[in-house]
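Listed below, chain by chain, are the residues.
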Amino acid sequence: MDEGTGAAAVSLVVSLAVLAYGAAALDAGLGGARGAAGAPLREAARLLVQGRRRTLVPDTLLVRTGTVLLPLAALLAATVLPAGDRPVLDSGVGIVWFNAMEVCVWGALWLVGWGVNSVYPLIGGYRFLAQGLSYELPHMFALITVALGAGSLRIADVVAAQREVWFVVWMPVAFVVYLVSALAMAFWGPMGEPVGRNVAGGVPAELSGADRLVFAAGRYALLVVVAAAAVPLFLGGGAGPVLPGWAWTAVKTVAVLGGLVLVGQRVPAVRMDRFTEFAWVVLIPLTLLQTLVVAIVVLP
Amino acid sequence: MGVREWLLRQAALRPRPLVVGCPYGTRARLLVEAEADRRGWVAAAAPAEAGLLVVCGAAGSEIGQAVEVVWEAVPAPRVLVEAASDASAGAVRRALDDAVAELAAGGLDGGARHGDAGRPVAMAGRGRDRDGLTLDRLHVPLGPVLADWPAGLVVETVLQGDVIQEAVVRAASAGADGVSFWDPPRRDETDRDETDRDETERREAARCLDSLGRLLAVAGWPGAAREARRLRDRLLAGAAPAGLRRDCERFARRVRRSRVLRWMLRGVGPVEGRAGVPERLRGDALDRAYGWLDTLPSPLPDDPAPATQNGGSRHDGDPGGAGACGGGQRVDRVVGADGADGVVLGLLAGLLVGAESAVARLIVASLDPDLDRLPASAAVRRG
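Residue numbers (my numbering), protein chains in the order written: chain X, 576 to 875; chain L, 6 to 388.
Honestly, the hints are just simulated from the structure, not real lab data. Careful: at least some of the hints might be erroneous.
[Claimed, not checked] Here are the in silico distance ranges between beta carbons for each label pair: (1) D634/X x Q70/L: 22 to 32 angstroms; (2) A106/L x G610/X: 13 to 23 angstroms; (3) V8/L x L708/X: 43 to 53 angstroms; (4) V8/L x L837/X: 30 to 40 angstroms; (5) G278/L x L864/X: 38 to 48 angstroms; (6) D203/L x D634/X: 50 to 60 angstroms; (7) Q70/L x A822/X: 39 to 49 angstroms; (8) L864/X x V74/L: 34 to 44 angstroms; (9) A822/X x P275/L: 46 to 56 angstroms; (10) E77/L x V857/X: 16 to 26 angstroms.
For glycine and all other residues, C-beta sits at the position ideal for the given N, C-alpha and C.
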């Protein structure tokens, strides 16, 4: 690891933390809390002094693993995203790596939901599995479309391929499907049934204190990462006039992130007993069509 | 000042209250919810998340036991607040102020570790589920302490996975006698005048907003749920001024416009129109929600604002309900008198069997029985 990579890693962690805090503050503000800018800080203080709740015979190892896995998966997924000119981890299979880290979230939620040995978290876990089965295939087809358009799984190549036209222009279906699945993988807003109030908070219902803080931070970090990934995948990465690349990346990331947070307050929850059918009958064929169109366009 | 003291003081500014509604405690619950909203507090969904347990009304023995169990699950620092059914707004404010001070000082048994009491998953034999899979059968009571849940309602369920296989619906015993908050105090029949009718309509609209707040919260639409509750509090605070009427109409339009809500509520908890089933319960959850929207005050005809009467798809339900609060044509009725709340208890068990947890919550919220209107003998229904 050379010096440049080290600096990039530090700036990655810092920007992830700053954006996650911003998302939490924006959500608190939209949620009617007063003094929204300091709200996440006060909530963190509350959780830091709060005692740890123990349920009857929990599988502590699984719960801790799942809880820590959440921010960890977000951080590892972020390593392949280029903030300036290059990412921390310039992998030749960056898109696959990103997808693999995101699938770790399935494991994390199920470990927590099952491990605490309580009804509502278990129901939350079931809900996320059903959600995963609904969003994952359209999501993967959307990612495949991007890789096909760029002719590479390396994210830097994807950005380079958008020098002329951003992918969002000629892959609108893939972009919209990506945004829906982005909400689903961060179990946010309308896709937040796994942590819904109607099951007493679902997966993290029995978490308190530091455990809950890590879980909540991980969720916001995930939201930031899925929003940030939309920038190199569909929105031309750091491309833009006047400002340097990193600034454009930041501006676009904040815009997508703000949109996702806003949707969380504006749209009712989507239940998988209705969405699964829509995902398989409408979204999968649509993304396949989109892939076909892209394949024909890039045909040499 | 140590770091811990500083953190405690910061934390006490925004505690997460878990509000427990008891029979005949509606008034206290409304005061607590309004005061919490005014302070910008976010309500907790689970005991582990909460720092403040607020019991509204007299708990009685059964709910009292449930509160004990929940209290054990609230991590320190924690404070228990009891708001009496007849508490004044000032008393509620003072009680919450005291709670904040206590939390800042470390709360009750601050820092102490709590016992292992909780809601463990008891492995209770297996059985075939609706898809023919063999799954564990879990016995899970819904209520009486649950966020966005009708006060005093208990549904004992047998769950397999996320699906309710059996349900027994009953009302928890009340700690005291009383009348429902939503039935305004009535004077002599002969003495009833315009003011009484206005008051009845105002309470009924506020009750519909309360139910809508609950339904929208359960439907996972926090923004709209908050708006419904704020409108409810404004409506209860005084007669409906023009601004409030316009805001109610805007809110109704916003809810009606949501396609996702239509998609999610259509066909949920269908109730057939049989004899003995009041008009306002018929249809599915969406029909009932739109029925509530119809009772909201709409702008008066002479209002300066451009009033497009109930824009969007208009609910074609019971004509008496539709215009009940609209300007001009007023309908004289006492809504609790149709016995709908008792009918709901009879219907619920049958509707809940076979439903997933999220659908079950929506069914309950869309019927939202007011158990304070039931006759003294609590009903038990099995399904």
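Each hint tested on the structure:
1. D634/X x Q70/L: 22 to 32 angstroms: 29 angstroms, holds
2. A106/L x G610/X: 13 to 23 angstroms: 19 angstroms, holds
3. V8/L x L708/X: 43 to 53 angstroms: Holds, since V8/L and L708/X (Cβ atoms, about 45 angstroms apart) stay within the stated range.
4. V8/L x L837/X: 30 to 40 angstroms: Holds, since V8/L and L837/X (Cβ atoms, about 35 angstroms apart) stay within the stated range.
5. G278/L x L864/X: 38 to 48 angstroms: 44 angstroms, holds
6. D203/L x D634/X: 50 to 60 angstroms: 59 angstroms, holds
7. Q70/L x A822/X: 39 to 49 angstroms: 59 angstroms, violated
8. L864/X x V74/L: 34 to 44 angstroms: For V74/L against L864/X, whose Cβ atoms are near 54 angstroms apart, the range 34 to 44 angstroms is violated.
9. A822/X x P275/L: 46 to 56 angstroms: 55 angstroms, holds
10. E77/L x V857/X: 16 to 26 angstroms: 47 angstroms Cβ-Cβ, so the 16 to 26 angstroms window is violated.
Violated hints for the displayed structure, listed by number in ascending order: 7, 8 and 10.
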